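Going down the list, the protein sequences come from chains G and C.
Residues in the first sequence are numbered consecutively from 1, following our numbering.
Residues in the second sequence are numbered consecutively from 1, following our numbering.
Keep in mind that the hints were calculated from the coordinates and are not lab data.
For clarity, every value in this text was computed on a predicted model and none was experimentally measured.
Glycine included, each C-beta is placed from N, C-alpha and C at the ideal position.
Pairwise CB distance ranges, derived in the manner of DEER restraints:
1) C:Ala76 to G:Leu306: 55 to 61 Å
2) C:Val100 to G:Gly72: 35 to 41 Å
3) C:Val100 to G:Ile229: 43 to 49 Å
4) C:Glu196 to G:Asp218: 48 to 54 Å
5) G:Pro168 to C:Val100: 42 to 48 Å
6) C:Val56 to G:Ala58: 43 to 49 Å
Here are the simulated SDA-like pairs of lysine to any residue, each with C-alpha atoms no more than 25 Å apart in a straight line:
7) G:Lys247 to C:Val237
8) G:Lys247 to G:Gly262
9) C:Lys154 to G:Pro44
10) G:Lys277 to C:Val237
11) C:Lys154 to C:Phe165
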Amino acid sequence: MATTTTESITTAHRRRRGGAAPRLQAGSRSRRRVDPLFLVFLVPTLVLFTLAITLPAAMGIVLSFTNSVGFGEFRFTGLTNYVAVFSDPAILQAYLFTIGFSLVTVIVVNAIAFLLAIALTSKIRGKIALRGVFVLPMVISGIVIAYVFSFLFANSLPAFATALGFAPLEQSILANPDLAWLAIVVVTAWQAIPSTLLIYIAGVLSIPGEVYEAAALDGASAWRQLVSITAPLTAGYILINLVIGFKNFLNSYDIIVGLTDGGPGTSTTSVAMSIFKGFSGGDYAYQMANATIFFVIAVVIAVIQLRATRGKAAL
Amino acid sequence: MSLQAPLRPGTTATGSVRSVDADRTAGRRGERSNWPVTILLVLCTLSVLVPLYVTVTMAFKTTSQAVDGNAFSLPAPFSVDGFVQAWQLTDFPRAFGVSVLVAAITVVGTILLASFTAYAIARNWDRRLFRWSFFYLLAAMFLPFPVLALSQVKLTGLAGLDNPFGVAILHVMFQLSFSVLLFTAFLRSIPAELEESARIDGASTGQVFWRLVFPLLAPMSATVGIFAFLASWNDFVMPSLITSDPALQTLPVLQQMFQTQFSNNYNVSFASYLMAMAPAIIVYLVTQRWVMAGVTQGAIK
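Model the full assembly from the supplied sequences, consistent with the hints where possible.
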C-alpha cells in the first residue's frame, strides 16, 4: 500500500516536472488510484462552494426569466424582466452613476497610488513607517470610515468654507445632488489606494536599479526616467490595478450607504444598491435580471483581466 | 519575503528582483536621503491620519463639546462618557462576541478548507477532477456579490443559517478563491523530495499533510488568515443582509444606529466607531509584513 502511493506520487511528480505526459501513460493515469484522503480534502469544499456560490448564482439567473417575487409560485415570462430593466430610468441612472463613478475613481486612485509608490521607493527617510501609515486605510471597515467622513463632509468642511468665504462648499456636499458623488470618490479612494499602492511598489521594485543608473549616466531627468522607464516597465502592474480597481468600484455599496445612502434623491444609487432593493420592493425577479446583466458585465471585465494578467506574465 | 521568489516566476527569471527587504537596506546605505520627498510624504500622511485623529479626539469629548462644530479641537475636558454610552447602546460585549465568533470561524475555516483543497489540487494536478476544481473555485473571484446576494439570503433562510454561522460560512466561501490560489502556488514550490522521503519512512498522506506540509504552509496560513480576518471583521453587506436577528449583528452593522437615533451624540458615535475599528488596526500593526506581502502575492498570481 505504502509503496504504491509512493510510486504514484513519484510519477505525478515526474509528470509535473516533465510537462505533457506521453500518450501511453495517459491511459494508465486513469487507472492509478487516488489516495482517498485527497478526495476527502477536496470534495467537501466543492460541495459547500457549489451550495453557497454556484447554486445561488444559477438560481438568480433562472429566476430572472420568471415573475417570482422571492417566494411561492412563479411562471416563466421570458425576457419581460430584461425589457423592463432596459427601459427603467432608475436602473439606467444607477448604471450610469456606477460606471462613471468607477471610471473617475479608478483614475484618481491609480494616479495617486502610482506617484506614492515612486515616492515611497525613492531614497527617503522612515520608509517603512511611511508605508505603514499609507497602507493603514486598507484595514478599516468601509461603513465605519464612511460615517467618520460623513461627519467631516457635513460639519467640518462647510465650517472651513464659511470661514474662508468659499460659497460653493458652505453647504454639505452630501446634500448636493451634483457634488455628493465627489465625497464618495474621496472615501472610496482613501480606502482603495493602499492595495493599489502595494502592487505598484512591487512593480517599481521589480525594475532593476541598473536601468536607472544607466539612464542617469545618460543625463535623463527624473521626469524622463518616469515616462521612459518606470511607466513602461510597470505597464503590466498598471493594467492589473486598473482592471481590479474598476471591478471593485462597480460593486461599491457600503461606503455609499455610509455617506449618502444613495441620495440626495437617487443621484448616488449604485447598481449594487438597486439590486439589494429587490428585497424590500417585491420585484425580486426583476432585480435578478438586473443582477444577471451586472454579472455579464463582470464576466467581460474578467476576460479583460485574464488577458491583462497574461500580458503581465510575458513581461 | 523569501516567499515571493517562487510566486513570481516572471520576475525571478530575469534575476533582477529587488525584494522589499533588500530595498530597505538599500535606502540606508544610499548616498543621500531625499528630504523634499520625505517631507512631502509626511504631509501626505495627514490625509490618512486626520480622519483617525478626529475619530479619537471626538470619542473622548463630552457631548456638549462634540456638537460645537470644531472637529479638530482636543478634548477639554477629557471624557470617557462616549465610551460608556456606546458600550451600553451597542451592547458592546455581545456585539464584540458575535464579531469575534464570525471572524474566528472565518479564519480557521478558511485556513483549513483552503489548505486541504490546495494540497489535494497541487498533488493531483495531472487529474482532470482536481485541475478543473481549481479553475472552478477560482472563477468565483469574478462573481460580484450583488449577483448572488438575493438568492443567498433566501437559501440561508431556508437552511436556518440566517445567523452569524451562515455569515461565517459565506465569508469562508468568498475567501476560498484567493486563499486556494496562494496555497496552491506555494505548495508547488515545495520540493516533492521532502514528502517522498516521509513516505518512504511509512507516513500516510494524512500524516504527511499534518506533520510536514501544514507546518511548512505556516507563513502562507498567516497571510490567508489575516486577510480572512480583515474581510470578515470589516464586512457590512453580508451580515446586514443574512443575519435576521438584530441582536446577533456584528459591530460594523450596529454602527448604523448612530445615523438615526443618536445622531447628535457625536462623542458616543465616534467612541463606538473607534471600538469597531480598533481590533483591525491592532491586528494590522502587529502583522504589517504579511498584509503587505499578501496583497502583492494575490495580485501578481
